[in-house]
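Using the sequences and the accompanying hints, generate a full structural model.
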Amino acid sequence: MNFSGLPGLPPLGGCLRKSFTLGGLALFLFASPALPAQDTDPAALLRALALKANDGNEEAAKTLADRLLAAMPARVDPAFAAEVEAAGAAEAARLLAMIILRAGVADFQADGLALLDKAVEGGSVAATETSALVLLEGLYGRKRDPEKAVALLRQARQMPGAKEAHRLLGDLALKGEGMPRDVALAIEYYLRGAEAGSVACRVSLHRLYRDEQGGAHDLVEAERQGRTAADAGSAEAAYEMGVFYERYVEGAPNWSRAAEWLKKGLEGGHGPAAVRLADYAFEGRLGRVDATEGTRLLREAAGLGDGEACLRLAALYEKGDLLPQDPVASTAWIRIAAAFGHGPAQNAYGLRLTNGYGVASDPAEAATWFAKAAQQGQADGQVNLALLLENGIGLAPNPAEAKRLFLAAAEAGHAVAQERLARLYSEGDDPAARDALEAAYWAARAERSGAAGGKDLAAKLRGALSAAQAADLERRLQDATARP
0 MNFSGLPGLP PLGGCLRKSF TLGGLALFLF ASPALPAQDT DPAALLRALA LKANDGNEEA
60 AKTLADRLLA AMPARVDPAF AAEVEAAGAA EAARLLAMII LRAGVADFQA DGLALLDKAV
120 EGGSVAATET SALVLLEGLY GRKRDPEKAV ALLRQARQMP GAKEAHRLLG DLALKGEGMP
180 RDVALAIEYY LRGAEAGSVA CRVSLHRLYR DEQGGAHDLV EAERQGRTAA DAGSAEAAYE
240 MGVFYERYVE GAPNWSRAAE WLKKGLEGGH GPAAVRLADY AFEGRLGRVD ATEGTRLLRE
300 AAGLGDGEAC LRLAALYEKG DLLPQDPVAS TAWIRIAAAF GHGPAQNAYG LRLTNGYGVA
360 SDPAEAATWF AKAAQQGQAD GQVNLALLLE NGIGLAPNPA EAKRLFLAAA EAGHAVAQER
420 LARLYSEGDD PAARDALEAA YWAARAERSG AAGGKDLAAK LRGALSAAQA ADLERRLQDA
480 TARP
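For the sequence shown, numbering that gives the first Met the number 0 begins at 0 and goes up steadily by one.
Among the hints, erroneous ones may be present.
To be verified - Label pairs and their calculated CB-CB ranges:
1. 429 / 232: 57 to 67 Å
2. 62 / 391: 24 to 34 Å
3. 282 / 319: 14 to 24 Å
Said to hold, decoys possible - Pairs of lysine-lysine, DSSO-like flavour, derived with a Cα cap of 30 Å:
4. 174 / 147
5. 263 / 162
6. 402 / 142
7. 262 / 318
8. 174 / 142
9. 402 / 454
10. 262 / 162
By construction, these hints were calculated from the structure, which means they are not laboratory data. Quantities reported herein were computed from a predicted structural model and do not represent experimental measurements. For each residue, glycine too, the CB sits at the ideal point set by N, CA and C.
What follows is the structure, encoded as structure tokens:
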């Protein structure tokens with residue numbers, strides 16, 4: 000059984016998005032130290048939130064709160080009780096939904112999604128934007144539905160307090176996802192968002208204008224939008240200005256000017272800026288190679304919660320490059336990145352727990368981390384969790400759930416999942432579930448994705464089809480190619 004997604008050096012760049020991420024087996028509640036001690040009791044705070052979310056229904060609120068508290072210990076972080084006190088029913092439902100969903104406990108996922116839907120119905124703009132993101136990324140077991148996500152975002156952008164809707168709609172218009180591709184429409188969404196005060200929309204405009212292939216190339220406007228966003232205090236914009244002077248100005252890269260902007264991003268707490276500066280040090284971009292400074296900057300980025308920096312440090316410890324070879328330290332850094340909510344790291348930590356590298360082998364715990372990665376739409380995590388479920392390793396066998404996970408990963412283009420589905424449909428244990436056309440379809444997709452053995456399997460299964468089935472297969476493969 001080969002697991003998917005062996006960790007290596009991750010690529011330069013990338014931003015770990017953080018909000019009040021919940022993880023492990025504890026329920027993290029956020030409370031304000033300004034309130035009396037009795038108001039920050041975790042159980043009382045959770046019950047108060049559940050009561051508001053359930054429209055004052057004390058029985059329903061107590062039942063839900065007691066279930067949550069029985070399943071997970073609760074801890075209070077100082078910043079949340081005042082928010083609970085001020086929340087109306089819709090906002091309380093959203094807050095409770097996010098606490099439940101980010102806790103990552105499968106038994107409560109349906110409760111969390113129901114609360115999120117209730118918050119959307121109640122007019123919460125933040126819940127509407129979050130629900131759209133869930134549909135866009137296929138999170139928490141919901142199937143990806145870009146068209147429905149677009150409808151929610153268009154609804155959200157008309158609501159006071161919309162923060163992400165304009166940017167996300169612009170991004171989708173650029174990709175042609177959930178709507179036809181339209182650069183002019185994307186710019187319009189970004190501009191309207193910028194007018195509404197969205198710094199993120201200015202950053203998106205900066206990226207679009209600097210891209211020669213984006214359909215709106217304008218380096219002067221790119222610089223203006225980037226500077227405006229950076230001047231508004233956006234550390235991400237400062238980072239992007241660093242990238243601008245590194246890659247997009249005419250002539251050779253201006254490494255020193257790029258570094259100045261990256262340092263501004265780092266001063267603003269932007270982890271990816273520290274990662275990029277680390278690469279400058281490793282590569283001698285500012286005059287000399289300085290591996291010590293590069294390693295220090297990776298540690299600084301990790302301290303800012305950057306999961307990629309943690310993975311880079313893990314790779315250095317694994318290979319013995321610049322740092323002593325140390326499997327325990329390598330795995331510890333992966334564990335830290337996983338705890339930050341970094342999806343690839345969650346999958347990587349599951350692999351370490353599976354093979355016992357730098358940590359005691361624990362398939363049951365591995366399944367927990369694969370599940371967290373899978374919930375974030377990580378195809379490797381979906382495949383690895385499916386393999387455990389299929390073989391009953393670390394948890395009870397569940398062929399139906401394994402097949403669902405293989406399908407989700409296969410639809411995302413994962414070659415291993417596509418080949419596995421082809422074999423399940425062609426030679427699975429349940430004869431009633433075999434389907435020659437489905438088997439041939441997924442084998443052909445696996446071949447296109449470069450799966451080992453995919454070519455021979457595809458030829459074999461295609462040869463077993465009738466003429467009508469072969470015609471259906473070609474139509475489906477053409478449709479799959481046409482989809483973005």
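* Which numbered hints are broken by the structure, listed smallest first? -> Every hint satisfied by this model.
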